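Make a model of the complete structure from these sequences and hints.
Sequence order for the protein chains is A and B. In case it helps, my numbering puts the first sequence at residues 1 to 115. In case it helps, my numbering puts the second sequence at residues 1001 to 1112.
None of these hints come from the bench; they were simulated from the model. There could be a bad hint or two in this list.
If you only want the chain B side, here are some residues facing chain A, beta carbon under 10 Å, derived [unchecked claim]:
hint, residue
1, Y1035
2, G1041
3, F1045
4, K1099
5, K1104
6, T1109
One-sided and incomplete, this derived list gives chain B residues near chain A with beta-carbon spacing under 10 Å [as the list claims (entries may be wrong)]:
hint, residue
7, Y1022
8, N1024
9, Q1037
10, H1042
11, P1043
12, V1044
13, L1046
14, I1047
15, Q1048
16, V1084
17, T1086
18, A1090
19, G1103
20, G1105
Being a predicted model, the structure only gives us computed values, none of them experimental. Heads up, the beta-carbon is just placed ideally off N, CA and C, and yes, glycines get one too.
One-letter residues, chain by chain:
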Amino acid sequence: DSGVTQTPKHLITATGQRVTLRCSPRSGDLSVYWYQQSLDQGLQFLIQYYNGEERAKGNILERFSAQQFPDLHSELNLSSLELGDSALYFCASSVDPRWNTGELFFGEGSRLTVL
Amino acid sequence: GQQVMQIPQYQHVQEGEDFTTYCNSSTTLSNIQWYKQRPGGHPVFLIQLVKSGEVKKQKRLTFQFGEAKKNSSLHITATQTTDVGTYFCAGGTQGGSEKLVFGKGTKLTVNP
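Structure representation (structure tokens):
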């Protein structure tokens, strides 16, 4: 158990819909990262938050947005969903916001299926 | 943009055989991290290498970071069925907007 909690674990929805994925980081971790993993693909970095502020942005679509709340949990909002958005979405957390200072702790992921 | 290439994409071995996956970057990395993802699981951190030419061992796993800090390898000696999974390298970019760029991973299957 990494200590990172993601909900829901599975989500099935239709094209055009909007969903929200939620992540609670490990206790004490201020930095939250969102990654997308499609079938047989690597981990595509979407966005990073540190202590409520956006710190780094990756290949995140304009239809996607995220935020980190004062209690440090984060939400990833996916709207106008397309079939290609079907993927496993991971949240990870770390103590330090800098990428080169240590490991990321990953949650178990939220599997999104868009029909 | 920054890319980290990882080969091979797939590797099938017989139990007891050795396994190696390689990671290459076009630019110098600040550090390299390795993660393992079991089937149906989430990535789990294995190790971080920071120094040029660094070599670290964890039981049957040997990790190396190249002298130029542009490449890395993970070698597993005498694979076991418990080694099954996808191994990802992740390179830390330097300067400007720091990011951790993941390779596409090497999926290892082990035949008993």
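Each hint, compared with the structure:
no., hint, verdict
1, Y1035, "holds (8 Å)"
2, G1041, "holds (8 Å)"
3, F1045, "holds (4 Å)"
4, K1099, "holds (6 Å)"
5, K1104, "holds (4 Å)"
6, T1109, "violated (13 Å)"
7, Y1022, "violated (15 Å)"
8, N1024, "violated (14 Å)"
9, Q1037, "holds (9 Å)"
10, H1042, "holds (4 Å)"
11, P1043, "holds (5 Å)"
12, V1044, "holds (7 Å)"
13, L1046, "holds (9 Å)"
14, I1047, "holds (9 Å)"
15, Q1048, "holds (7 Å)"
16, V1084, "violated (16 Å)"
17, T1086, "holds (9 Å)"
18, A1090, "holds (8 Å)"
19, G1103, "holds (6 Å)"
20, G1105, "holds (5 Å)"
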